[in-house]
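J.: Chains as they are written, first to last, in the working numbering: chain A, 84 to 578; chain B, 3 to 277.
One or more hints might be untrue.
[Claimed, not checked] In silico SDA-like pairs for lysine to any residue, Cα to Cα no more than 25 Å straight-line:
(1) B:Lys28 to B:Asn4
(2) B:Lys233 to A:Met354
(3) B:Lys28 to A:Ile503
(4) A:Lys110 to A:Asn136
(5) B:Lys93 to B:Lys195
(6) B:Lys263 to A:Glu416
(7) B:Lys43 to A:Pro387
Simulated from the structure, these hints should not be mistaken for lab results.
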Amino acid sequence: MENIAEYLKEERSQPWRDELRKSMKAKERTSLERIHMPEQDPEERSHNYLEVNLGLTEEQALVESHRCLDCPDPTCITGCPVGINIPKFIKKIEAKDYLGAAVVLKETNALPAVCGRVCPQEVQCEANCFYTVKLKKTPVAIGNLERFAADYERNSGKISVPEISEQNSIKVAVIGSGPAGLAASGDLAKFGYDVTVFEALHEIGGVLKYGIPEYRLPNEVIDVEIESLRKMGVKFRTNFVVGKTASVDDLRKEGFEAFFVGSGAGLPRFMGIPGENHIGIYSSNEYLTRINLMHAADPDYDTPILRGKTVAVIGGGNTAMDSVRTAKRMGAERAILVYRRSEKEMPARIEEVKHAKEEGIEFLTLHNPLEYFADEQGRVNRMKLQVMELGEPDASGRRRPVPVKGSEFDIDVDLVVVAIGVSPNPLIPHALPGLEMSKWGTIVVNKDTMQSSIPDLFAGGDIVRGGATVILAMGDGRKAAAGMHKYLQEKVKSR
Amino acid sequence: MNKIVEKEFFSENVCKFIIEAPDIAKSRKPGNFVIIRLDEKGERIPLTIASSDEGKGTITLVVQRVGVTTAKLLSMEAGENIHDVVGPLGKATHIENVGTVLCAGGGVGVAPLLPIVEGFKKAGNKVVTVLAARTKDLVILEEQMRAFSDEVIVMTDDGSYGKKGLVTAGMEEVIQREKVNLSVVIGPAIMMKFAALTTQKYNIPTIASLNTIMVDGTGMCGACRVSVGGKTRFVCIDGPEFDAHQVNFDEMLQRLGSYKKEEAEAYERYLKTVQ
């Protein structure tokens with residue numbers, strides 16, 4: 084950690100940084116108001132799949148970058164799971180070296196355009212910004228600036244490829260091409276390894292492609308970042324299920340010397356209430372996959388999707404928000420979010436909640452479904468709800484929802500999306516009987532190296548955490564890449 | 003991309019495809035399935051593997067025309083490519099020597115039944131196979147089945163070949179005359195439902211291989227969920243084979259019809275484009 088502090092100090096004392104700091108008084112900087120991210124009109128956007136956030140203009144980004152004080156102790160970095168040198172990239176923007184800012188981002192982040200869009204900055208870097216902590220003001224818009232720099236680079240066509248150490252021709256396998264796998268493969272390629280990513284689906288990107296809707300994260304943005312990884316020498320094999328198409332042992336025989344498992348969250352959870360298997364009741368994974376990955380909303384594509392006039396989405400997380408906002412875009416007259424706690428306890432990002440409300444999503448908080456009913460064809464047409472109230476705090480520290488007796492009532496619905504979480508994907512654990520697992524079905528790893536009970540196998544992301552964010556998965560991927568590097572270097576030495 | 007190496011029509015609506023898929027040919031076991039997507043705009047559909055040739059690196063699928071995707075596939079020729087083939091998926095059939103195994107296949111369900119019949123025979127069981135179809139032309143793989151069965155009984159609804167009657171009549175005949183230790187049934191959901199009811203009367207352990215709607219096929223989406231013994235299970239990773247006496251076939255039948263309207267409309271549109 085000391086080394087990092089030293090490094091940051093050295094970087095900060097570069098003449099160009101000194102000069103910039105002196106170019107404007109701190110007081111002037113702190114007197115600037117945070118620039119609001121321009122957004123598509125709510126009514127208009129609730130009928131299209133175009134991005135909601137439009138991105139900062141160059142002028143806006145420049146103003147916002149002046150707010151950053153380039154602190155001697157940049158606490159913002161401590162809030163970043165992948166350790167981006169935040170002041171440096173922001174100062175590059177202030178110096179109008181936008182491509183340089185993108186290079187700084189890519190030093191530690193394989194997917195800056197993705198993170199600039201979907202990271203919960205308000206609980207990470209921005210929560211640890213000097214403005215938030217000491218000045219009690221709105222933080223520097225770090226996420227919006229990250230997105231600006233990454234988008235600027237992409238639109239310029241001058242996309243930088245991170246420097247790669249000399250190739251060592253040691254083969255490593257990355258299982259799963261979601262955020263954890265992509266972050267790991269970026270770092271492993273930088274270390275000089277011969278990286279192959281194995282993906283079960285027909286497209287690269289994992290949850291970034293099948294889960295997060297295009298109006299939050301356009302596929303094109305992901306594809307450009309994947310292309311950068313290809314340029315770094317990372318190979319991708321789609322339609323390949325490790326543990327099925329070939330076993331880890333088969334891959335060892337093919338010469339792979341270490342493995343990173345980022346197979347993600349699998350099994351959707353259901354509540355186990357009567358009628359949950361009626362037609363028209365989807366898991367959020369299925370609903371979003373049909374629309375995002377399979378393009379079911381586009382009549383040119385073959386995958387079908389059921390539409391509803393009144394759609395109820397069960398849950399209060401980001402996936403629930405994605406589902407309910409998607410339902411609105413799919414033409415629902417009423418798109419209702421049903422959540423058993425109050426809005427305060429919702430795990431979804433504040434921005435998502437705000438956007439959802441602007442788009443006319445109805446919030447039925449402190450309600451819980453008890454049963455679903457169907458017509459003669461088996462299609463859901465009604466649900467029984469119960470009113471809840473908040474009791475004592477539970478293990479998560481949030482107040483536990485308690486049913487209010489005699490409060491049950493029915494509402495008509497013709498589509499339901501259950502977004503109450505997922506269990507880890509069981510495919511890899513099933514295929515590796517010796518692997519130490521937790522009672523929740525996640526892979527047990529050393530927290531510093533991400534190494535599992537099988538020495539050449541490392542893991543990260545939802546398969547270890549059970550359910551988390553894109554950026555935490557990416558942080559795991561980076562940590563695992565470092566762990567694998569150390570493991571492989573020692574292995575090579577002992578040969 | 004996976005090349006179609008050979009194509010052979012069994013009947014107007016049923017066709018055998020031999021497809022290049024070397025990794026799958028090597029690792030697949032009886033009971034496994036693949037998910038295919040014909041082209042970039044295609045949907046993902048599951049198909050159970052009928053056989054494979056590891057040396058040639060190919061797998062065999064038997065496909066029935068039921069909707070747009072299967073109709074498109076049946077119009078493809080040898081030499082053309084299927085955009086995506088992934089597998090082998092699902093759990094393999096648990097094969098052991100139990101004594102006498104009664105295998106019953108209906109329609110194209112006979113194709114995935116073939117490797118299971120072969121497996122049980124090679125494990126030392128006596129295998130009696132009942133093949134059922136609507137009419138003579140739709141009876142498939144009879145010769146191959148005979149090669150691995152001690153006896154094959156053919157049933158047709160119209161009596162145009164073999165015996166007249168449903169699959170359950172053929173099964174009853176065997177059960178009445180000898181001790182059956184295990185039954186395996188594969189076919190349309192409605193056929194499996196009644197086959198399961200038949201063996202349940204005699205307390206014969208029975209396995210059914212379910213072919214539900216799927217998207218990813220790796221346990222992620224939950225489209226394939228069925229109720230087995232009152233619990234929700236996922237066909238793609240918990241199955242495709244389950245204790246037939248525990249499966250809620252009525253619910254499964256209903257869920258199979260989830261997109262009936264959408265599928266019919268899509269098929270209409272498709273027919274217009276090919277005419």
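J.: All hints, please: hold or fail.
T.: Hints, verified against the model:
no.: 1; hint: B:Lys28 to B:Asn4; result: holds, 15 Å
no.: 2; hint: B:Lys233 to A:Met354; result: holds, 11 Å
no.: 3; hint: B:Lys28 to A:Ile503; result: violated, 38 Å
no.: 4; hint: A:Lys110 to A:Asn136; result: violated, 30 Å
no.: 5; hint: B:Lys93 to B:Lys195; result: holds, 21 Å
no.: 6; hint: B:Lys263 to A:Glu416; result: holds, 21 Å
no.: 7; hint: B:Lys43 to A:Pro387; result: holds, 12 Å
In terms of the numbered hints stated before, the structure departs from hints 3 and 4, listed from lowest to highest.
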